[in-house]
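Enquirer: One letter stands for each residue in the lines below.
Number of protein chains: 2
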Amino acid sequence: MKTRVISGLAMVPLLVLVYLGGYPLLALCIIIAAIGVKEFFDGFKAMGINPCYNLAYLAIIVLYVLNAAAPGNFELLCAWLAGSIMLSSLYMFRTTERSPLDAMATMTGIIYVVFFSFHVVLVDQDPNYSILIWMVLLSAFCTDIFAYFSGYLFGKHKLCPNLSPKKTIEGAVGGTIGSVVCCGIFGYIVVPEIWWHCLIMGLIAAVFSQFGDLTASAYKRKMGIKDYGNLIPGHGGIMDRFDSVLFTAPVIFYYIALILN
Amino acid sequence: MKTRVISGLAMVPLLVLVYLGGYPLLALCIIIAAIGVKEFFDGFKAMGINPCYNLAYLAIIVLYVLNAAAPGNFELLCAWLAGSIMLSSLYMFRTTERSPLDAMATMTGIIYVVFFSFHVVLVDQDPNYSILIWMVLLSAFCTDIFAYFSGYLFGKHKLCPNLSPKKTIEGAVGGTIGSVVCCGIFGYIVVPEIWWHCLIMGLIAAVFSQFGDLTASAYKRKMGIKDYGNLIPGHGGIMDRFDSVLFTAPVIFYYIALILN
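Just so you know, the protein sequences line up as chains A and B, in that order. Residues in the first sequence are numbered from 2 upward in steps of one, following the numbering used here. Residues in the second sequence are numbered from 2 upward in steps of one, following the numbering used here.
One or more of the hints may lead you astray.
Copies of the same chain look alike in the list, so a pair counts if it works inside one copy or between any two.
Simulated crosslink set (DMTMM-like; lysine to aspartate or glutamate; CA at most 25 angstroms straight-line) [what the hints assert, rightly or not]:
1. LYS46 to ASP127
2. LYS39 to ASP228
3. LYS157 to ASP103
4. LYS167 to ASP228
5. LYS227 to GLU194
6. LYS227 to ASP103
7. LYS159 to GLU98
8. LYS227 to GLU98
9. LYS167 to GLU98
10. LYS227 to ASP43
11. LYS159 to ASP228
Bear in mind the hints are in silico, worked out from the structure with no lab data behind them. Note that the coordinates shown come from a computational prediction; the quantities given were computed from them, not determined experimentally.
Assemble the whole structure, with the sequences as input and the hints as a guide.
Expert: Quick look at the structure:
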């Protein structure tokens, strides 16, 4: 429990950057994307797969430059995605050294880490609901914390013993309820006119938050690693901290874009 | 050379559907995506990787239903992409049976086959330049045919012997010139006001057409298969016929969307 508290404190500078939004948040997202990709690709190397780091870094630079030039242009975003996938394919043309798995790992890193984390920026840039950037973090971290405590107090039935042995069904339910309640309270105070949308977002994001957590676990398990990195000593790497956010950010963004706006 | 002529004739019904556009073309794209994914995933199975066929079929259905409901909504397209990638991740949660490679192969199929081929529909739906749907096919097939003949006549220097032993640099140059000339002529006759844009599109699409061809070859080589399928006896499967189109369709579409429109 002590590590939970300390890891919580390590999040305080993050909250300041999210509060500031704009360029500081943009810089944070670029750093998280770059370190996240590096950690994720290091994991693939432990599996004997060699993704192209430089291509992913190039994709990050191009994505954020395009976004600066034309923020919120989704045709451009799709073009970036298609281009990144095509370039990743070129990486396997040297068949004697490379395999499709190297190209596929590169694509996966670009989409899963870079594209997904970019949705934090998209929420922040939303003209009407940029305040809901807090929901991305709130749903992810509340799910995590409430799942931990309700699992600790009531946990009896294992959720998926092969994948993440400590997780329980009681924890998953408690985490989901915790996220719904916290997001509802946040909505009621900050955006009362759409507070019940916040409840729904809290529910959907809680489910996806746990999918994100389990996805990261599934990769790590096959990579044969316990943590993605050791950036915050004792608390793993960027990808261990933000595995849930990678999934809650798209959920919150598309809810805003397709339902609220 | 005889097989080239016959395979050319097999394309005539296709040309009729492209000429009709709209629903017939939509149906063709759905069929190509479904058969293409099946062929591509069969290739992965030959490598010992087991992607989720049903998830890809579901992704196709959802994509085309969403497109019918809200054509040309790129936020929705990005949401579909993110959702498909997330669902593909869930596929590996049964860690005893599945590996990240199964999930990554599923994602690759959805993006490379389904998302890329969908750009044919996007070009057809363009309000101003749907006529340029012909450029998608013209660039792909002219590159292929001119590369074949110029390689046959002038070919001396191997392009990438490990990947595709018969291809030559002379063929690649000849194919590119052929595409530029044919696309230029097409533009001059059909859309004279933007004929030089057609030249540029012919050039870019010719390069990507050959990338698409080589990408399919790189996958096949590691999958240990010669052809993706045997749909048209003697001419391979859908993926062997349309490997170039998968890359020219996004190129033409984004040129239209980002430069012409």
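Enquirer: Now tell me, hint by hint, if it's right for this structure.
Expert: So, going through the hints one by one against the coordinates:
Taking identical chains as interchangeable, the C-alpha atoms of LYS46 and ASP127 are never at most 25 angstroms apart, the minima being 37 angstroms within one chain and 43 angstroms between chains. For the homomeric pair LYS39 and ASP228, the shortest alpha-carbon distance inside one copy (13 angstroms) is at most 25 angstroms, but the shortest distance between copies (35 angstroms) is not. For the identical chains of this complex, LYS157 and ASP103 are neighbours neither inside a copy (41 angstroms) nor across copies (31 angstroms), given an alpha-carbon limit of 25 angstroms. With identical chains, the CA atoms of LYS167 and ASP228 are at most 25 angstroms apart within one copy only, with a shortest distance of 15 angstroms there and 46 angstroms across copies.
Taking identical chains as interchangeable, the C-alpha atoms of LYS227 and GLU194 are never at most 25 angstroms apart, the minima being 43 angstroms within one chain and 60 angstroms between chains. Taking the closest pair of Cα atoms, LYS227 and ASP103 come within 25 angstroms of each other both inside a single copy (22 angstroms) and across two copies (21 angstroms). In this assembly of identical chains, LYS159 and GLU98 lie within 25 angstroms of each other by CA distance solely across copies; the values are 18 angstroms between and 43 angstroms within a copy. For a Cα distance limit of 25 angstroms, the shortest separation of LYS227 from GLU98 across copies, 20 angstroms, qualifies, whereas the shortest one inside one copy, 29 angstroms, does not.
In this homomeric assembly, LYS167 and GLU98 come within 25 angstroms of each other (Cα to Cα) only across copies, at 20 angstroms, whereas the closest approach inside a single copy is 40 angstroms. In this homomeric assembly, LYS227 and ASP43 come within 25 angstroms of each other (Cα to Cα) only inside a single copy, at 13 angstroms, whereas the closest approach across copies is 33 angstroms. Taking the closest pair of Cα atoms, LYS159 and ASP228 come within 25 angstroms of each other only inside a single copy of the chain (22 angstroms); across copies the shortest separation is 45 angstroms, beyond that limit.
Consistency with the previously given hints fails for numbers 1, 3, 5, ordered from lowest to highest.
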